[in-house]
Amino acid sequence: MNIYVGNLPPTATEEHLRTAFKPFGQVTSVTIIKDKFSGESRGFAFVEMPGKAEAQAAITGLNGKDLEGRPLIVNEARPRPERRDNRGGRGGGGGGGGRRGGGHRSW
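If you want our numbering, it's the 1-based position in the sequence shown plus 9.
Derived by calculation from the structure, the hints in this document are not laboratory data.
Treat the hints with care, as some may be off.
As the list claims (entries may be wrong) - Straight-line distance between alpha carbons at most 30 Å, and here's what the computed BS3-like set of lysine-lysine pairs gives:
1) K61 with K31
2) K43 with K61
3) K74 with K43
4) K74 with K45
5) K74 with K31
6) K31 with K45
7) K31 with K43
8) K74 with K61
Take these sequences, add in the hints, and give me the full structure.
The structure is reproduced here in structure tokens:
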């Protein structure tokens with residue numbers, strides 16, 4: 010089961026999260042989401058646990074618990090919504106009509 014962990018302090022590491030989740034069961038992976046330009050944490054992560062019962066226990070046990078002065082937000086991760094393309098979902102190319110100026114002006 011994929012678990013969302015939010016409200017992470019900037020100093021949190023994958024090892025911090027692995028240590029926090031380990032008492033509840035096997036941890037398959039830990040991924041802290043980072044800004045692609047600065048490389049700094051965006052304040053949330055995903056923890057993968059293979060057992061649903063273990064994952065539910067971790068969610069119950071860790072939601073609201075303090076990690077380096079911040080209460081964690083822990084819940085089941087929702088599927089990522091499909092992204093639309095850069096054109097805002099509109100098909101086709103650009104158009105445009107009319108005159109662009111630069112022509113002869115009569116007085």
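- Message: Could you work out which of the previously given hints the structure breaks and list their numbers from low to high?
- Response: none
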